[in-house]
Amino acid sequence: MPEYTLKIRRFDPESGRAAYWESFQVELPPERSVLDGVLQARDTQDGSLSIRCSCQAAICGSCAVRINGRTGLACNTKIGEAFERAKSFGHDEIVVEPMGNMPVIKDLIVDMDAVHWKKVKRVVPWLLPAGDPPEREYVVPPESMIDVTQTMACIHCGACVGACLSLEVDPEFIGPAALAKAYRFVGDPRDAATEDRLRDLAEDPHGLYDCTHCFACVEVCPKGVAPMDQIMRLRRRATADYGIKDRNNGYGHEKAFVDLIERYGTLHEAQLLPRSYGQGSLIRSQIDPSSLKQLASSLPTVINGLKSGKVSPKAALWHHKLPDQKHVRRIYKEIHSKDERLELNLYIVGESGGETEGAMAEGSQES
Amino acid sequence: MKVAYWPGCVSRGFTPELHGAMAAVAPKLDIELVELDRANCCGAGVIAEHNQELVDTLNARTFALAQGVEGAAGMMNICSTCQGAQSECRERLDASSEYREAINEHLQPEGLTYRHDPDWWNKNFLWLLVEEIGLDSLRERVVRPLTGLKVAAFYGCYISRPSRRLGFDRHPERDRYLDMVIETLGATPVDYAGKHKCCGFPLITMNKETSLRQAGRHIADALDADADCMVTPCPLCHLNLDLQQPDAAKRVERDLGLPVLHFPQLVGLALGISPKELGMNKHVVKTDEVQRVVAGVAAAA
Ligand code: SF4
Ligand code: SF4
Ligand code: FES
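Heads up: the protein sequence lines correspond to chains A and B, in order.
No gaps in the numbering here: position 106 of the first sequence is 106 in our numbering, and each next residue is one more.
No gaps in the numbering here: position 238 of the second sequence is 605 in our numbering, and each next residue is one more.
Check each hint, because a few of them may be wrong.
[As the list claims (entries may be wrong)] In silico lysine-lysine, DSSO-like type, Cα no more than 27 Å apart, as pairs:
id: 1; chain 1: B; residue 1: Lys-369; chain 2: A; residue 2: Lys-245
id: 2; chain 1: B; residue 1: Lys-575; chain 2: A; residue 2: Lys-307
id: 3; chain 1: B; residue 1: Lys-395; chain 2: B; residue 2: Lys-653
id: 4; chain 1: A; residue 1: Lys-118; chain 2: B; residue 2: Lys-517
id: 5; chain 1: B; residue 1: Lys-617; chain 2: B; residue 2: Lys-653
id: 6; chain 1: B; residue 1: Lys-653; chain 2: A; residue 2: Lys-307
id: 7; chain 1: A; residue 1: Lys-7; chain 2: A; residue 2: Lys-106
id: 8; chain 1: A; residue 1: Lys-338; chain 2: A; residue 2: Lys-326
id: 9; chain 1: B; residue 1: Lys-395; chain 2: B; residue 2: Lys-517
id: 10; chain 1: A; residue 1: Lys-121; chain 2: A; residue 2: Lys-307
id: 11; chain 1: B; residue 1: Lys-643; chain 2: B; residue 2: Lys-575
id: 12; chain 1: A; residue 1: Lys-118; chain 2: A; residue 2: Lys-106
id: 13; chain 1: A; residue 1: Lys-333; chain 2: A; residue 2: Lys-245
id: 14; chain 1: A; residue 1: Lys-338; chain 2: A; residue 2: Lys-321
id: 15; chain 1: A; residue 1: Lys-293; chain 2: A; residue 2: Lys-245
id: 16; chain 1: B; residue 1: Lys-653; chain 2: B; residue 2: Lys-643
id: 17; chain 1: B; residue 1: Lys-369; chain 2: A; residue 2: Lys-307
id: 18; chain 1: A; residue 1: Lys-293; chain 2: B; residue 2: Lys-395
id: 19; chain 1: B; residue 1: Lys-517; chain 2: B; residue 2: Lys-369
id: 20; chain 1: A; residue 1: Lys-307; chain 2: B; residue 2: Lys-395
id: 21; chain 1: B; residue 1: Lys-369; chain 2: B; residue 2: Lys-395
id: 22; chain 1: B; residue 1: Lys-517; chain 2: A; residue 2: Lys-87
id: 23; chain 1: A; residue 1: Lys-293; chain 2: B; residue 2: Lys-617
id: 24; chain 1: A; residue 1: Lys-333; chain 2: A; residue 2: Lys-321
id: 25; chain 1: B; residue 1: Lys-575; chain 2: B; residue 2: Lys-369
id: 26; chain 1: A; residue 1: Lys-245; chain 2: A; residue 2: Lys-338
id: 27; chain 1: B; residue 1: Lys-575; chain 2: B; residue 2: Lys-653
Worth flagging that the hints you see were computed from the coordinates, not collected in a lab.
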């Protein structure tokens, strides 16, 4: 039977000792899990070694840890594969640590209440229907729920929270799991608070527009929830469907970018900033006090750019149009004039990588 | 090798030194660049956030133009963000013929069609260099080894995640290519925490604090690991790491001052191209120290 070394991050607040590393030898077949390895070490070598677990089948969401630097479920990670990965970095030990972004309670156990669950509560994770509930159950057409099935797959393991790169620098960010949960209700046809929910998240400086689009949550989620995609859907709803002009420039930035490409085909960067600050409008950015203040705060950067010679005054003032820009404009017109947004959700149709016939789902959202 | 070349918007806007560096490096590697001057912006994640059909159509248009370049081996970009944004659209276009046809309808009036072809590729210059040209061939062309230069690799999110969409199953070492190239050029790769993290650029207009704290932290970590410079295949990362570095320094409350090179600039130095031709005088954080180390090596040799 193969032997593996697990290098585990230990911490016991009661001991008064700082966190330290300890290595354990375990013996088990390569297809068994890293969790099995940790449990064997606990059972045979040190009964105080702590990890949270229950189902051992990637269902309960208890056992998320960081393995060789990558966040994931310990019960869902084969020990043989984890070893191969460690080896490819030139290591002969599998490194197991608690997840990031949450305080450690003991060894591999982090405080999910203090971070993950607190954030989930922040988004009001229950249905807010209009009026009194019906006498019997709510009836909704099954198609209208397809859109939220992806978010419903979440098992609250917190892996995305532990890996989120915005959270790393802004602990107040609402974060991937909670925002994905928010979409679960924003996308639910029975919920009557859609606009309020969106406005609340858009106006929060640590909300919708505090996600840095890093894909870490998409990469680590064991259930394919793709929290970042749900955040992008929330933004799409907030801007395109409700026109919510938030104070974080989320609306302005999207509008400015999309409009500039319609006009020029490629990005006219010098106009992106002022337009973003002016809710998409160049005029507004020059007269509105709050956007003027923001523009002024960017001046040192602009001056640095000009001084270094990378930004020429010409590039700042003039931008060329593509030779066939009329086609880009036509594409914009064709798509914007549709009543429904056409979307292909690979979570629902499957990522075959090849051909999936009849896989297209007409977006259930109005545009 | 002939490639359909998509330089992206930023390399022709706020980082013109990148466009120039690539143009100087290509002939040294026998790459013939056919620039796609009719192609449009990839959307940089923002148009995707606005409307999926729109962003998929815009990128299908770019792909169709690239596929029309006679004799090209594939398409090349020089921006991690273009790579990721375009790969995302391509994944959807390739997943369903029905969806692809619906998108291609918008291209018809221009006489264009995106063809589903698993053998056709779109690669960042970093991927192309390792996979199509090869490190051995690169090593043979090095005339000025960057001995003694300690380089911190910075990939950019869009070229790192999600690994499945970005072809890591077939090319599992794509998250190590920068270090491999740095070694091949004779320089020393530096290990530090930020290598695969986010520069913060997508948040620069929406939350400057979160944005620049990220940039500042990674630069500080690289400095603590004794790096002489950073290198990135993404011009958007470059904007946050170089152009914004003075402001980022304030947010992390320490002095920074780490030169940040575009990937083709680093390659170009080792291939013997002058720093000036590579636009290394057009950075906000001065690159003199890097030039001195490189010149010192050349003088000693
Ligand atoms: S994409 Fe956004 S939510 Fe997801 S990990 Fe990155 S910053 Fe966090
Ligand atoms: S979204 Fe995925 S990673 Fe995040 S808590 Fe839910 S299941 Fe875990
Ligand atoms: S033990 Fe339940 S998910 Fe791992």
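Right, here's what the structure says about each hint:
no. : hint                   : in the structure
1   : Lys-369/B to Lys-245/A : 46 Å, violated
2   : Lys-575/B to Lys-307/A : 22 Å, holds
3   : Lys-395/B to Lys-653/B : 26 Å, holds
4   : Lys-118/A to Lys-517/B : 43 Å, violated
5   : Lys-617/B to Lys-653/B : 18 Å, holds
6   : Lys-653/B to Lys-307/A : 12 Å, holds
7   : Lys-7/A to Lys-106/A   : 16 Å, holds
8   : Lys-338/A to Lys-326/A : 19 Å, holds
9   : Lys-395/B to Lys-517/B : 24 Å, holds
10  : Lys-121/A to Lys-307/A : 48 Å, violated
11  : Lys-643/B to Lys-575/B : 32 Å, violated
12  : Lys-118/A to Lys-106/A : 20 Å, holds
13  : Lys-333/A to Lys-245/A : 23 Å, holds
14  : Lys-338/A to Lys-321/A : 26 Å, holds
15  : Lys-293/A to Lys-245/A : 18 Å, holds
16  : Lys-653/B to Lys-643/B : 12 Å, holds
17  : Lys-369/B to Lys-307/A : 36 Å, violated
18  : Lys-293/A to Lys-395/B : 47 Å, violated
19  : Lys-517/B to Lys-369/B : 32 Å, violated
20  : Lys-307/A to Lys-395/B : 31 Å, violated
21  : Lys-369/B to Lys-395/B : 13 Å, holds
22  : Lys-517/B to Lys-87/A  : 24 Å, holds
23  : Lys-293/A to Lys-617/B : 19 Å, holds
24  : Lys-333/A to Lys-321/A : 17 Å, holds
25  : Lys-575/B to Lys-369/B : 41 Å, violated
26  : Lys-245/A to Lys-338/A : 23 Å, holds
27  : Lys-575/B to Lys-653/B : 23 Å, holds
Figure legend: structure checked against the earlier numbered hints; hints not met, in rising order: 1, 4, 10, 11, 17, 18, 19, 20 and 25.
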